[in-house]
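Could you build all of it, start to finish, from the sequences and the hints given here?
2 protein chains.
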Amino acid sequence: MKTVVRGCPGFKFSGCAAGLKKNGGMDLGLIYSETETAAAGVFTRNRVQAACVKLGMERIKSGKCRAIIANSGNANCCTGEQGVLDNRSMTRFVASEAGIAEELVLSASTGVIGKPLPVEKVERAVPELFKSLAAGGISDFAKAIMTTDTVPKIVTRQGEINHTSFTITGVAKGSGMIRPDMATMLCFVCTDAAADPKTLQKMLIKGVDPSFNRITVDGDTSTNDMVLLLANGVSGAVINSHDQVSVFQGLLDQVLMELARMVVKDGEGATKLVEIRVEGARSDHDARRIADTVAQSNLVKTALFGEDANWGRIIAAAGRAGVEMDPEKMDIYFNDVCMVKNGIGCGPDAEIEATNILKTPEFLIRIHLNAGEGACSVLTCDFSVDYVKINADYRS
Amino acid sequence: MKTVVRGCPGFKFSGCAAGLKKNGGMDLGLIYSETETAAAGVFTRNRVQAACVKLGMERIKSGKCRAIIANSGNANCCTGEQGVLDNRSMTRFVASEAGIAEELVLSASTGVIGKPLPVEKVERAVPELFKSLAAGGISDFAKAIMTTDTVPKIVTRQGEINHTSFTITGVAKGSGMIRPDMATMLCFVCTDAAADPKTLQKMLIKGVDPSFNRITVDGDTSTNDMVLLLANGVSGAVINSHDQVSVFQGLLDQVLMELARMVVKDGEGATKLVEIRVEGARSDHDARRIADTVAQSNLVKTALFGEDANWGRIIAAAGRAGVEMDPEKMDIYFNDVCMVKNGIGCGPDAEIEATNILKTPEFLIRIHLNAGEGACSVLTCDFSVDYVKINADYRS
Chain A
1 MKTVVRGCPG FKFSGCAAGL KKNGGMDLGL IYSETETAAA GVFTRNRVQA
51 ACVKLGMERI KSGKCRAIIA NSGNANCCTG EQGVLDNRSM TRFVASEAGI
101 AEELVLSAST GVIGKPLPVE KVERAVPELF KSLAAGGISD FAKAIMTTDT
151 VPKIVTRQGE INHTSFTITG VAKGSGMIRP DMATMLCFVC TDAAADPKTL
201 QKMLIKGVDP SFNRITVDGD TSTNDMVLLL ANGVSGAVIN SHDQVSVFQG
251 LLDQVLMELA RMVVKDGEGA TKLVEIRVEG ARSDHDARRI ADTVAQSNLV
301 KTALFGEDAN WGRIIAAAGR AGVEMDPEKM DIYFNDVCMV KNGIGCGPDA
351 EIEATNILKT PEFLIRIHLN AGEGACSVLT CDFSVDYVKI NADYRS
Chain B
1001 MKTVVRGCPG FKFSGCAAGL KKNGGMDLGL IYSETETAAA GVFTRNRVQA
1051 ACVKLGMERI KSGKCRAIIA NSGNANCCTG EQGVLDNRSM TRFVASEAGI
1101 AEELVLSAST GVIGKPLPVE KVERAVPELF KSLAAGGISD FAKAIMTTDT
1151 VPKIVTRQGE INHTSFTITG VAKGSGMIRP DMATMLCFVC TDAAADPKTL
1201 QKMLIKGVDP SFNRITVDGD TSTNDMVLLL ANGVSGAVIN SHDQVSVFQG
1251 LLDQVLMELA RMVVKDGEGA TKLVEIRVEG ARSDHDARRI ADTVAQSNLV
1301 KTALFGEDAN WGRIIAAAGR AGVEMDPEKM DIYFNDVCMV KNGIGCGPDA
1351 EIEATNILKT PEFLIRIHLN AGEGACSVLT CDFSVDYVKI NADYRS
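Protein chains in written order, with the working numbering: chain A, 1 to 396; chain B, 1001 to 1396.
Hints are computed from structural coordinates only; laboratory data are not their basis.
Computed from a predicted model, the values in this text were never measured in an experiment.
All clues stand as given, with none of them false.
Calculated lysine-lysine pairs in the DSS-like style (CA-CA distance at most 27 Å, straight line): (1) A:K54 - B:K1329; (2) A:K22 - A:K121; (3) B:K1131 - B:K1064; (4) A:K341 - B:K1115; (5) A:K115 - B:K1329; (6) B:K1131 - B:K1022; (7) B:K1054 - B:K1115; (8) A:K64 - A:K206; (9) A:K143 - A:K389; (10) B:K1389 - B:K1115; (11) B:K1115 - B:K1022; (12) A:K359 - B:K1389; (13) B:K1115 - A:K359; (14) B:K1359 - A:K22; (15) A:K359 - A:K341; (16) B:K1022 - A:K359; (17) B:K1359 - A:K389; (18) A:K329 - B:K1054; (19) B:K1389 - A:K389; (20) B:K1054 - A:K341; (21) B:K1359 - A:K115; (22) B:K1143 - B:K1064; (23) B:K1115 - A:K329; (24) A:K54 - B:K1341; (25) B:K1341 - A:K115; (26) A:K54 - A:K21.
Each pair of labels, with its calculated beta carbon distance range: (27) B:E1081 - A:K198: 53 to 63 Å; (28) B:E1081 - A:D349: 14 to 24 Å; (29) A:G80 - B:P1210: 27 to 37 Å; (30) A:D386 - B:K1359: 16 to 26 Å; (31) B:S1241 - A:C338: 58 to 68 Å; (32) B:N1023 - A:K341: 28 to 38 Å; (33) A:G347 - B:K1022: 16 to 26 Å; (34) B:E1373 - A:E123: 42 to 52 Å; (35) A:C338 - B:K1054: 21 to 31 Å; (36) A:D349 - B:N1023: 21 to 31 Å; (37) B:S1139 - A:N23: 52 to 62 Å; (38) B:H1285 - A:N370: 32 to 42 Å.
Yeah, the Cβ is synthetic: ideal placement off N, Cα and C, and Gly gets one too.
If you want it as structure tokens, here you go:
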């Protein structure tokens, strides 16, 4: 891995304030590739899907892309036929400005559900977006897709295939699986390596599973979530062989994992980033169900906020995960401190040590079932008074 | 239905402060039947179960009971072999004071998980509990099982079978499916009607399903939940025929439903009681999944607290319930106000009307899928800043 750089060769980025956000902040961004890219995408599994998700699922089938237009401040979801037309218009504005086919433009929206998109504001802003396109414009793009995010989220990694170095740059927004009005998580990854769309899609699915699919802020799933991966091949690094896939997958996983961590760390109202790791389950699937249930328990998350080493809530959440288990074989650790051995608390000294760990901003809660080899990790954050305030006041 | 009375003929109740709660409040209660009762019970489905749950599941098989001893301030869960012995001791103290078989005594505990139960305090208090037993002692009992509850919860109904009137009195504690440390929901129902234990068990299961199994404060399930039903038959009203079962079931359902409502209304930090009713689903099962998902969504619940008619969160929660649906056929009503028609918002006037409804303490959110005859209701409450404060500070 070489030094960290921003952007990605052959891609340009920009962002601007188009007037979609009430506060006048940046709210419209463009990613533009100078050459045609191979493209892959994964989309929300919510049955209620925004216009951009439906269009993206259709267009990604071609495996090609030139540009992504993304806005914050409005999810353009549950907006009916007009919303579908408005979404297509967004991509048409970009296509006509660039002189490319409309089918090569993808779109993404995030913000309030159910409000008509003021598409004329997008139309007015698109020429400005093209004027300000720059290799270093990714910071503006990252800001333009933020909603309640407090920091922009960009990760860059470099690797080598056949002595040719290549770059992967990812940009994401979101404070977890959950965002106000659910228009939550967007992630765009660019690379100058080359791969066919099928290979890209496989690698993306593989990379998303242990990263974005294993984080939670509070378990709600967006109507607008998407992760797109574009590969323009301008580096000359070509992904063909199994070994080359491995190299690229390794680096892609790093980018996605780091972005996923950033999303949870910036979770609404969050003060702590916590890894829930379940080990010794009968299967990885069992481990995952338990990790998910503990990571999403409001009781566990409020205790984390209260810096209360209340392991009873952890064991009880594990117990309702719907997995066969023997509570009397369960061990629980906070970092390296054993809190529970064979289902029974380790006493006041362990609680004092654990309470000190709880005061730190990042730590691990490890649950060992002593029943097999199954394991899974899920990233979560604490559940604070600010979370409720942010979400009670969001639209007002 | 006759006038509402407290207590139930043939049963006596008491409560006292045994020193289990830090604040010195009432924390130990006794229900005592002068004659042997037929008994039925339902228990938590959490895999982690308190000693009292395990013992109760075993002893309820006999279909007989004379007394229930219940404590708050300590869940006696994850307390190992000592916890099992301590729980048995609780029932033995009662049995020996009453001169009855230990197997006729059931126990229930609620409070912090993982702390040893100071059983000597229970032993000292049991004689006092017997001395203060009274038909009108149910208020003391109801107070003795409260944890973060703000009001005691007692419901009495009277009915008639073959011109013989009978009483059903239920008492419950809990602020929903969730309680601090999960030692959440206890409910004891007494009746002076007579029925065999199998019939009682059937009626109890039937009654619990649309009441306690369809409420949520935040979806966590206790390690200590139980609902017990005791029938002593002293009224002379005997439940035998199908019609008699119907009469009793109807009244039992009322008692359980009313107690369940009281539990949600007293939900931790709750300011609103909201019924989520799903209609027009392809099946009752589908309707229930959607109602559960909406009722448990933190985004929906924080919007309710914020009095924000944010229907986008409702539709998005419905969309992630894992049920096949057509969002473009979905209608959403706040009481009688149509907010969403065919998946699209009904505009600012409807939002203003809905916002006024949101300012009231109790209302209905009705989701119609227009896809079939399936329906289900779930009771929930809003999710407030106080909820987080209560649960972040609980043990300290």
